[in-house]
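Participant: In the order they appear, the protein sequences are chains A and B.
Mapping the first sequence onto this note's numbering, position 77 (from 1) lands on 77, and the numbers just tick up by one.
Residues are numbered in this note's numbering as their position in the second sequence, beginning at 1, plus a constant of 316.
It should be emphasised that the hints constitute simulated quantities derived from the structure, not laboratory data.
Check each hint, because a few of them may be wrong.
[As the list claims (entries may be wrong)] Derived pair list, reagent style DMTMM-like, types lysine to aspartate or glutamate, alpha-carbon separation capped at 20 Å:
| id | chain 1 | residue 1 | chain 2 | residue 2 |
| --- | --- | --- | --- | --- |
| 1 | A | K90 | B | E515 |
| 2 | B | K460 | B | E515 |
| 3 | B | K528 | A | D276 |
[Unchecked claim] Computed spacing ranges between beta-carbons, pair by pair:
| id | chain 1 | residue 1 | chain 2 | residue 2 | range |
| --- | --- | --- | --- | --- | --- |
| 4 | B | A426 | A | F31 | 20 to 26 Å |
| 5 | B | L337 | A | T54 | 17 to 23 Å |
| 6 | A | P220 | B | K526 | 18 to 24 Å |
| 7 | B | H502 | A | T144 | 43 to 49 Å |
| 8 | A | W33 | B | Q525 | 27 to 33 Å |
| 9 | B | K396 | A | V139 | 48 to 54 Å |
[What the hints assert, rightly or not] With the Cβ distance kept under 10 Å, some of the chain A side facing chain B (calculated, not the full set):
| id | residue |
| --- | --- |
| 10 | L47 |
| 11 | I101 |
| 12 | I309 |
| 13 | Y311 |
Just so you know, even glycine gets a beta-carbon here, dropped at the ideal spot from N, CA and C.
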Amino acid sequence: MNLAQFSANKEVTFIILLIIGLLVFATLLFFIWGKLKPEANLIELKLRTKSWWTMAMVFILAIVINPIISYFAFGLLSFMALREISTISKNVRDVDRRIMIWCYIAIPIQFMLAYYGYFNLFVIFIPVVMFIFISFMLVIRGETTEIGRSMSVIPTQLMLTVFSLSHLAFLLSLPQIAGFNAGGRGLLLFVVFITEINDVFQFTWGKLLGRHAIIPKISPNKTWEGFIGGVLTTTVLGYFLRFLTPFSVVESLVVSFVIACAGFVGDVVISAVKRDIGLKDTGTLIPGHGGILDRIDSLAITSVVFFHIVYNLYYS
Amino acid sequence: MRGVLLFVTYQVFMRNFLRILVGVKYINVAELNKHAQFILVANHNSHIDTMALMSALSYSQLKKTHPVAAGDYFGISPLKSFITRLFTNALLIQRSKNAEGKNPIQAMSASLVKGDSLILFPEGSRGEPQKMQQFKKGVGLLLKKHPNIAYIPVYMTGMGRILPKGERLLIPFDSYVVFGEASYSHTDDTEAIVKEIEEKIIALGVAFQKSKFE
């Protein structure tokens with residue numbers, strides 16, 4: 001992959017320019033908004049914009065220089081997310097500390113499987129191989145009190161962070177299809193962009209029209225109005241962005257609709273985990289510290305869902 | 317030569333290793349740059365503590381800062397003592413129970429007079445992970461002697477899980493180094509100084525936990 005090919009791929013170039021445009025717009029918007037209304041709490045929004053700048057830059061670098069950067073970047077992101085979830089988790093016993101090293105060793109293996117495109121091993125490595133292996137290592141340590149809880153919590157943490165994000169990397173290893181130019185990069189951009197824009201629209205519609213809470217106990221800010229508004233907007237956007245995918249019109253609508261719903265699921269699942277621990281919402285976290293999980297919450301579910309839809313439709 | 321070694325160890329290797337792989341995060345680290353000379357007073361849970369504090373220092377501070385370490389632990393063999401001194405700039409003192417006071421304080425005092433900074437762990441030993449022990453009064457004696465030198469209270473959390481006492485395997489966990497505001501000792505009462513510092517570190521911890529949890 002080099003600069004010439006990069007500029008030759010019109011679809012990808014267009015969406016990258018669009019993303020940079022949106023990021024510039026968002027940065028300026030929050031800056032001016034913050035100046036005009038200093039009392040508005042924009043830390044969360046500003047942090048999100050900042051982390052998306054980083055993601056966008058890594059992505060562009062990966063395309064221009066070498067795609068292998070993407071695998072390293074997603075691997076590092078998985079690692080930091082796993083570290084975060086294992087730190088805040090109260091459900092794991094002190095004796096399980098050493099088990100975590102196996103989870104960290106699993107990260108390079110999983111991303112290597114993604115890089116070489118060993119699909120069959122890739123999809124079972126964490127849910128099956130690591131699941132059995134971690135249980136067995138817990139048994140070897142010999143501490144049986146509450147071992148069942150550790151056997152379920154640790155593999156779940158791996159699933160939510162490493163397994164999910166590695167699917168984004170695997171998109172880049174998918175083979176070329178005749179007549180579909182954007183390729184894995186297009187698919188990756190599509191799912192990440194749709195997921196994030198869905199978050200933004202669910203938030204915005206909720207702020208504008210939100211009345212009826214969906215799950216007040218877990219996420220008081222999630223309303224039916226925000227959810228429906230977000231899903232509809234995202235579905236329409238998916239139709240316009242279908243040039244990044246091999247989808248037909250109907251497929252693009254259905255897939256965007258599914259991503260929008262899956263994004264909501266990821267959001268509330270991570271919220272529920274945080275509630276259980278007693279962690280506050282990100283907005284009140286010390287700026288610049290922690291909070292990786294909050295950035296990837298919806299992506300943790302949409303990446304897997306999207307990958308398997310695409311794989312089953314076009315690559316199997 | 318020594319400077320190059322410290323630079324490579326902390327500024328190049330340790331800082332990035334701790335931040336990226338281990339997960340150490342610094343809060344209010346700018347406080348360090350406001351003072352030419354200081355005594356860092358921190359709670360102690362792990363060998364990571366010293367590494368984390370040394371990595372927070374700038375290059376010029378690094379050369380002039382000595383973590384105060386137990387001679388009866390790190391100086392037990394000539395090799396261990398040599399390695400400790402070489403890589404950490406450590407000031408090894410004896411923490412024997414009967415001769416409390418005198419000698420160790422003089423050694424620390426001497427390096428303060430030279431214009432150097434110190435890193436102190438008044439808990440004395442790493443103790444149980446994530447639990448704070450009663451502070452020893454050495455820090456009080458020292459500050460009584462040097463009321464014109466600023467001390468910076470530091471609260472550290474999470475290091476006890478990364479590398480607890482008695483463990484050899486380092487496991488990454490998110491952990492935090494929180495620097496407090498620098499201040500000076502106002503009284504001649506050793507116990508009062510120790511108590512004030514202890515309370516400041518506990519307060520830093522409470523404020524930090526509160527900002528993270530409900």
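Participant: If a hint holds in the structure, say so; if it does not, say that too.
Facilitator: Okay, the hints, checked on the actual structure:
1. K90(A) to E515(B): Distance of about 27 Å is beyond 20 Å: violated.
2. K460(B) to E515(B): holds (17 Å)
3. K528(B) to D276(A): holds (14 Å)
4. A426(B) to F31(A): 20 to 26 Å: violated (52 Å)
5. L337(B) to T54(A): 17 to 23 Å: Since the Cβ atoms of L337(B) and T54(A) sit about 18 Å apart, the hinted range of 17 to 23 Å holds.
6. P220(A) to K526(B): 18 to 24 Å: This hint holds: roughly 21 Å between Cβ atoms.
7. H502(B) to T144(A): 43 to 49 Å: Given a distance of about 55 Å, which is not inside 43 to 49 Å, the answer is violated.
8. W33(A) to Q525(B): 27 to 33 Å: Since the Cβ atoms of W33(A) and Q525(B) sit about 31 Å apart, the hinted range of 27 to 33 Å holds.
9. K396(B) to V139(A): 48 to 54 Å: Violated - the Cβ-Cβ distance for K396(B) and V139(A), about 38 Å, lies outside 48 to 54 Å.
10. L47: violated (15 Å)
11. I101: holds (6 Å)
12. I309: violated (34 Å)
13. Y311: violated (32 Å)
Violated hints, listed in ascending order, are 1, 4, 7, 9, 10, 12, 13; each of the other numbered hints is respected by the structure.
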